[in-house]
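Respectively, the protein sequence lines represent chains A and B.
One point on numbering: in this note's numbering, the residue at position 122 of the first sequence is 122, and numbering is uninterrupted.
Just add 1000 to the spot in the second sequence (first one is 1) and you have this note's numbering.
Source of the hints: derived by calculation from the structure; they are not laboratory data.
Bear in mind the structure is a predicted one, so any value in this text is a computation, not a measurement.
You may find that some hints are simply not true.
As the list claims (entries may be wrong) - Here are the simulated DMTMM-like pairs of lysine to aspartate or glutamate, each with C-alpha atoms no more than 25 Å apart in a straight line:
#, chain 1, residue 1, chain 2, residue 2
1, A, K346, A, E398
2, B, K1092, A, E121
3, A, K324, A, E65
4, A, K242, A, D177
5, A, K335, B, D1172
6, B, K1092, B, D1168
Said to hold, decoys possible - To spell it out: a stretch of chain A is covered by chain B in this simulated footprint if at least three of its residues, at any positions, have a beta carbon under 8 Å from a beta carbon of chain B; those stretches are:
#, stretch
7, 101 to 115
8, 130 to 140
Unchecked claim - Some, not all, of what chain A presents toward chain B, calculated at C-beta under 8 Å:
#, residue
9, N89
10, R97
11, Y178
Heads up, the beta-carbon is just placed ideally off N, CA and C, and yes, glycines get one too.
For reference, the chains in residue letters:
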Amino acid sequence: MSEIHRRGLLGAVAAAPLAGALPYRPARAQAANTIRIGLLTDFSGPFRDLNGPNSIAATRLAIQEFGNRGFNVEMVQADHQNRPDVGVNIARQWFDRDNVDMVLNLAASSVALAVSELARERNKVAIATSTATSDLTGRACNANTIHWVYDTYMLAKVSGLATVRAGGQSWFFITADYAFGHALERDTANFVRQAGGRVLGQVRHPFPGTTDFSSFIVQAQASRAQVIGLANAGADTINSIKQIGEFGVTRRGVRVASLLLFITDVHALGLQTAQGLVCANTYYWDLNDRTRRVAQRVLQLSGADMPVAMSHAGDYSATLHYLKAVADMGVAAAKASGRDVVARMKRMPTSDDAFGEGTIREDGRKMHPAYLCEVKRPEESRGRFDYYKVLQTVSAEEAFRPLSEGACPMVRS
Amino acid sequence: MAAPGGFSGTDYKQEDAVLFGFTRTQLIAFLAMVAFIAISPFFLYPVFLMKVLCFALFACAFNLLIGYVGLLSFGHAAYFGMGGYLAGHAAKVWGLPPELAILIGGATGAALGVVIGAIAIRRQGIYFAMITLAFAQMVYFFCLQAEFTGGEDGIQAIPRGVLFGVFDLRSDMTMYWVVAIVFLAGFLLIHRIIHSPFGMVLKSIRENEPRATSLGYRTDDYKLVAFVLSAALSGVAGGTKAIVFGIATLTDVFWTMSGEVVLMSLVGGLGTIFGPVMGAAVIITMQNYLAEFGAWVTVIQGVIFVLCVLAFRRGIVGEIGNWLRVRL
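Using the sequences and the hints given, assemble the complete structure.
Put into structure tokens, the structure is as follows:
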């Protein structure tokens, strides 16, 4: 390559950050009458399907349906790449310079906890719709944060309790060997025992990087448990499910309860592999006419070939309720204090097509019923994304952690 | 291993040091950098700039090893991340002021550097890189399992605290000046190390280790000291970052962070003092400002890396230096 050519490239690379910096001038014009929502999530990593394009569409849908009630609503979005420092930096910039009033979705727990803390500091609103950690309404709760959709407590309880009720009495756990896996296993095992079931044993697999689950699956089968509980996440869950499918475990009448499985994972795995799995959800698109309508409109907007998951429904529902609260209290007051908006959101009952009627609890927990679903066999599935049968419905009060057990400092008073 | 900084084909101008070991061009570049650091917070976002400075210090520390001793460490995330964890733990749980927390971060990096370095420097080239990577993975697993690191949630809500009991760091601007001073101190220290007699020995080891040995230098000792210095400065960078952002998480100890610092040094220019600073600025700016393009961030990063290796192997600063025929 010639010298001049190389220098051209060099110049282009050197100029790139300058060009990138230009659009980020602080937006001050007409800001007073505009509510800005920042969708901060994973657009490129392991949680892309669970959030990504459908999350953008769901948030847009809520903004569209809300219409213009005397103020403008704008949306910005960014990819935090599942890195807390990137996420916090973006959220800071949004709050400090770009007039963003509410950040939505957040996904990965480490990012959500950090951004929630930042929202408290800057008196803005953070709504986590795709975050698992129940600490967000527990010891890390604050008056600027609401946790929508699900949390680890709910997943463990619904999977444990409802599966025992549905006939799965004896359990064996395959657990990822780190804090998250241990906690999930411990919680679920407690709920299993509470519901009258038995835990026959457990095996821990190294995290991350385990790709061969066969010895763990053989141990689980040898225990003759009726239910194998998978207390792992992400790639580990996918790999273990695939191998369980290869072993034909579920076809022999053993239930496999994945404690952290989303409909987007089922879509990726295919029904042939995923059939017979049970998992907890708070939204399934095919529950009723209202949920079907939300799913259909989200897919129209996103054009993605990806089922609408509970996290997407959460983005829709949370945005709608947030905007209702803003309209109720006035834009000026809403922009002045995120804490007041959250307080108003807690006072107003929630109502939308995705989750039906619900409330937001004092500790920031959004309350709605949960469902234990079973993945259909390929021959049972009638159409696109027809993946689940609902086995059990669990009321919000039963599904989520009681207010008194969360150790949220706001509740003590 | 081939000397990464030694592109001996370039016919550099002979320049004498005019001030503090800087040549005239370097002094101009240094003053330009200081001027930029001083005025940039008034038109760029200070928290973003603080991140750039933390990573710039990290990349400079890394460059001390690869650029001047010729050792490619692939485990620098361990010192950076662990420094962040302990600094965060010190500030949050022990309630120490930020200056001590950052020093603890540096001490953590140094301590890890002594242990890992003492073993790793016995091997060269790819084996050295693999040993450092293996140790970094051990540190990663330790952080994943240990109680105090908070597992995959990390340490959250680390207070910025009050520096020397006088300066309240909750203000972004105050924090910025502190980070700028930490960075400049680290930068000047590295510059001083490179231009000291000790640094000359390091460079001779890079160029030809057997010859340095034959001249009577215990090269292992020199390499170990350089390794520990690099690790300690990485720890300082990690600790500062933890204090700035109020979080310390697994991202910073993961091996991709070790890769990223290699990328920063390569893009900026290996074996140049200003290169890593430029590289860190470019990479962090991309991560930050391209965030809205989603998946494209990693693609663009990859393309730039390939372009760099194919078209200008000296890196941005290295190419500029080559073009002007001066050492930067």
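Verification of the supplied hints:
no.	hint	result
1	A:K346 with A:E398	20 Å, holds
2	B:K1092 with A:E121	16 Å, holds
3	A:K324 with A:E65	11 Å, holds
4	A:K242 with A:D177	19 Å, holds
5	A:K335 with B:D1172	22 Å, holds
6	B:K1092 with B:D1168	16 Å, holds
7	101 to 115	holds (count 4)
8	130 to 140	holds (count 3)
9	N89	6 Å, holds
10	R97	6 Å, holds
11	Y178	5 Å, holds
Hint compliance for this structure: every hint is met.
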